[in-house]
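Peer 1: Produce the entire structure from the sequences given, and follow the hints as far as they go.
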Amino acid sequence: MKRVYVNENWCLGCHLCEYYCAFASTNEKDMARALKGIKISPRIRVEEMDGISFAVSCRHCNEPLCVKGCITGALTRVDGIIMIDKDKCISCYTCVLCCPYGAVSPSEDGAVLKCELCIKTYSRTPMCVKGCPNEAIVFEERGE
Amino acid sequence: MAIDYIYPDYEIVRNYDRCINCRVCERQCANEAHEYIESSNKMVSDDSKCVNCHRCVSLCPTRALKIVKSDHTFKTNANWEGKSIKEIYKQAESGGVLLSSMGNPENYPVYFDKILINASQVTNPSIDPLREPMETRVYLGAKPSKIERDENSRIKRNLPPHVMLSMPVMFSAMSYGSLSYNAHESLARASAELGILYNTGEGGLHENLYKYGKNTIVQVASGRFGVHKKYLSSAAAIEIKMGQGAKPGIGGHLPGKKIVGDISRTRMIPEGTDAISPAPHHDIYSIEDLRQLVYSLKEATRYTKPVIVKIAAVHNVSAIASGIARSGADIIAIDGFRGGTGAAPTRIRDHVGIPIELALASVDKRLRDEGIRDNVSIVVGGSIRSSADIVKAIALGADCVYIGTAALIALGCHLCRSCHSGKCNWGIATQREDLVKRLNPNIGYKRLVNLMTAWQHEIMEMMGGMGINSIESLKGNRLMLRGVGLNEKELEILGIKHAGE
Numbered sequence: 001m002k003r004v005y006v007n008e009n010w011c012l013g014c015h016l017c018e019y020y021c022a023f024a025s026t027n028e029k030d031m032a033r034a035l036k037g038i039k040i041s042p043r044i045r046v047e048e049m050d051g052i053s054f055a056v057s058c059r060h061c062n063e064p065l066c067v068k069g070c071i072t073g074a075l076t077r078v079d080g081i082i083m084i085d086k087d088k089c090i091s092c093y094t095c096v097l098c099c100p101y102g103a104v105s106p107s108e109d110g111a112v113l114k115c116e117l118c119i120k121t122y123s124r125t126p127m128c129v130k131g132c133p134n135e136a137i138v139f140e141e142r143g144e
Numbered sequence: 145m146a147i148d149y150i151y152p153d154y155e156i157v158r159n160y161d162r163c164i165n166c167r168v169c170e171r172q173c174a175n176e177a178h179e180y181i182e183s184s185n186k187m188v189s190d191d192s193k194c195v196n197c198h199r200c201v202s203l204c205p206t207r208a209l210k211i212v213k214s215d216h217t218f219k220t221n222a223n224w225e226g227k228s229i230k231e232i233y234k235q236a237e238s239g240g241v242l243l244s245s246m247g248n249p250e251n252y253p254v255y256f257d258k259i260l261i262n263a264s265q266v267t268n269p270s271i272d273p274l275r276e277p278m279e280t281r282v283y284l285g286a287k288p289s290k291i292e293r294d295e296n297s298r299i300k301r302n303l304p305p306h307v308m309l310s311m312p313v314m315f316s317a318m319s320y321g322s323l324s325y326n327a328h329e330s331l332a333r334a335s336a337e338l339g340i341l342y343n344t345g346e347g348g349l350h351e352n353l354y355k356y357g358k359n360t361i362v363q364v365a366s367g368r369f370g371v372h373k374k375y376l377s378s379a380a381a382i383e384i385k386m387g388q389g390a391k392p393g394i395g396g397h398l399p400g401k402k403i404v405g406d407i408s409r410t411r412m413i414p415e416g417t418d419a420i421s422p423a424p425h426h427d428i429y430s431i432e433d434l435r436q437l438v439y440s441l442k443e444a445t446r447y448t449k450p451v452i453v454k455i456a457a458v459h460n461v462s463a464i465a466s467g468i469a470r471s472g473a474d475i476i477a478i479d480g481f482r483g484g485t486g487a488a489p490t491r492i493r494d495h496v497g498i499p500i501e502l503a504l505a506s507v508d509k510r511l512r513d514e515g516i517r518d519n520v521s522i523v524v525g526g527s528i529r530s531s532a533d534i535v536k537a538i539a540l541g542a543d544c545v546y547i548g549t550a551a552l553i554a555l556g557c558h559l560c561r562s563c564h565s566g567k568c569n570w571g572i573a574t575q576r577e578d579l580v581k582r583l584n585p586n587i588g589y590k591r592l593v594n595l596m597t598a599w600q601h602e603i604m605e606m607m608g609g610m611g612i613n614s615i616e617s618l619k620g621n622r623l624m625l626r627g628v629g630l631n632e633k634e635l636e637i638l639g640i641k642h643a644g645e
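Protein sequences appear in the order of chains C and F. FYI, my numbering numbers position 106 of the first sequence as 106, with every residue one higher than the one before it. All you need for my numbering is the position in the second sequence, starting with 1, plus 144.
Worth flagging that the hints you see were computed from the coordinates, not collected in a lab. Be careful, since some hints might not be right.
[As the list claims (entries may be wrong)] Straight-line Cα separation of at most 25 Å, PhoX-like style, residue types lysine-lysine; simulated pairs:
(1) C:K2 / C:K68
(2) F:K234 / F:K219
(3) C:K2 / F:K590
(4) F:K219 / C:K130
(5) F:K210 / C:K36
(6) C:K29 / F:K186
(7) F:K355 / F:K374
(8) C:K130 / F:K590
(9) C:K68 / C:K120
(10) C:K120 / C:K86
(11) C:K29 / F:K210
(12) C:K39 / F:K186
(13) C:K36 / F:K186
(14) F:K509 / F:K633
(15) F:K358 / F:K374
Peer 2: Below, the structure written as structure tokens:
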């Protein structure tokens with residue numbers, strides 16, 4: 001399965017992936033119109049310390065602890081992608097606590113936020129990958 | 145506080161309707177020109193820190209930024225222009241020599257732009273390079289002047305060592321130290337993929353790049369940095385650098401603060417020491433001395449590699465080239481006054497040397513007149529900006545061209561001419577780790593390969609148009625060129641007719 005992988009050697013810590021991620025979920029065509037004046041809630045986050053930086057988003061684990069922990073069945077694994085059903089999520093945040101990568105985050109709109117590889121968005125392909133200026137984020141098949 | 149006499153040359157214009165405060169401009173500017181103001185939730189910019197490198201403009205995801213030339217002006221004066229006044233302010237403040245980077249930007253004639261290329265019509269057929277064979281391959285090195293046979297009448301194989309290039313272009317000398325490791329790796333990998341050569345410059349060869357030796361020219365310059373037996377024998381050719389177009393008559397100086405880690409190891413000098421390349425080679429004061437170094441290098445590599453001698457285009461260039469062609473060198477590289485540099489005294493860069501077009505034409509003619517043109521191949525550099533410049537250079541008599549600036553532009557350089565600050569925002573002319581990683585060689589080498597592939601197509605199209613199907617038939621074919629707006633003397637030196645003749 002194709003997944004999003006990150007190479008910290010080339011990550012510049014520019015945070016553009018976060019903005020492209022937030023932009024993707026708005027389904028707007030113009031980023032300025034989509035993100036002007038709002039505080040973004042991206043599904044990918046850049047971690048940085050001491051000159052090292054890399055972006056973290058859902059790994060789409062083969063044995064996902066978030067899905068195991070989900071008490072309402074809102075999180076499911078569909079064709080290898082961990083999907084969130086916003087209608088079923090009750091914001092108990094069990095998944096937020098379970099995820100070993102910190103890739104699931106709380107949000108204010110009644111359901112947790114996580115990367116779904118942009119399959120529900122206008123772009124259809126991960127926008128963090130498209131928006132990365134240095135090929136530090138790639139979307140590729142690396143075997144299971 | 146002392147008065148700041150200088151108003152910034154460029155202004156950063158931010159479209160606040162489009163700025164989303166993502167702060168990428170702030171994070172990407174090594175000059176710290178942008179800043180986020182928390183209290184007003186607004187990005188602000190300081191024009192005085194901007195070098196106009198376009199890093200922020202290129203990375204801004206909403207295209208909210210642009211840089212404009214300031215319309216702030218001094219009182220109009222045809223003699224004392226703003227530039228001259230500002231330079232005096234700078235020197236009155238610093239007491240130092242003005243430093244500049246990249247090639248001479250001043251308004252001297254560009255002869256390539258006053259030369260036009262021929263094409264076939266009716267009486268001689270043009271060739272479609274997409275349907276018919278078209279040869280861009282060149283061999284550099286001395287050519288035997290006559291065929292010799294042994295006692296059995298077989299041809300003696302006495303061909304001196306050559307290098308083969310898939311097209312008549314090489315990446316010119318830019319040292320590891322002046323360029324980042326990633327820039328060097330991009331050049332090396334692109335050369336290997338393209339079947340051409342790149343040049344180490346006087347910085348030695350990083351141990352990781354020895355595997356690209358077949359595509360490497362190693363340079364021996366006046367500081368002799370990084371020169372040892374393995375370095376010489378790993379390469380396809382060896383270049384002795386006598387001069388550089390951007391600073392003829394001047395040596396080089398890489399400040400000690402850049403001599404760290406791998407650079408110190410590669411140059412074979414202690415960390416923190418200044419790398420000073422003297423203006424002359426202290427063992428070369430004549431053509432005879434040059435001959436000794438040429439043969440020392442040949443001896444050290446068992447006569448398997450061609451030796452290049454690189455000089456700056458200066459007033460007596462053809463006489464100098466004639467001497468070099470008799471010194472045992474296989475290739476002469478001539479660097480014109482527009483050639484680039486990581487740092488040079490401004491006055492030298494802008495006022496010393498001559499245009500490469502004139503130097504090339506006069507060297508080629510002189511060597512042909514003296515019957516020694518086949519002793520050497522001629523490589524020219526110093527602002528080859530496009531495939532058309534290459535075609536014109538070859539028709540003027542060059543075997544091949546060197547490109548430096550064009551290659552850096554392909555890697556992202558925006559010619560902000562601030563290399564000497566060491567804060568290149570594009571990760572090219574810097575050693576700052578966070579900046580170096582901005583140039584991902586996986587992307588960089590592909591861009592270089594793309595540029596060269598595109599130029600090769602264009603060269604073939606232009607040759608086809610002239611009805612020529614090989615670079616060899618174009619070389620020195622000045623009948624394919626005509627001048628426009630040139631005077632008699634210029635046409636005479638270039639050896640071409642005026643358009644309409």
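Peer 1: Can you list which hints this structure breaks, lowest number first?
Peer 2: 4
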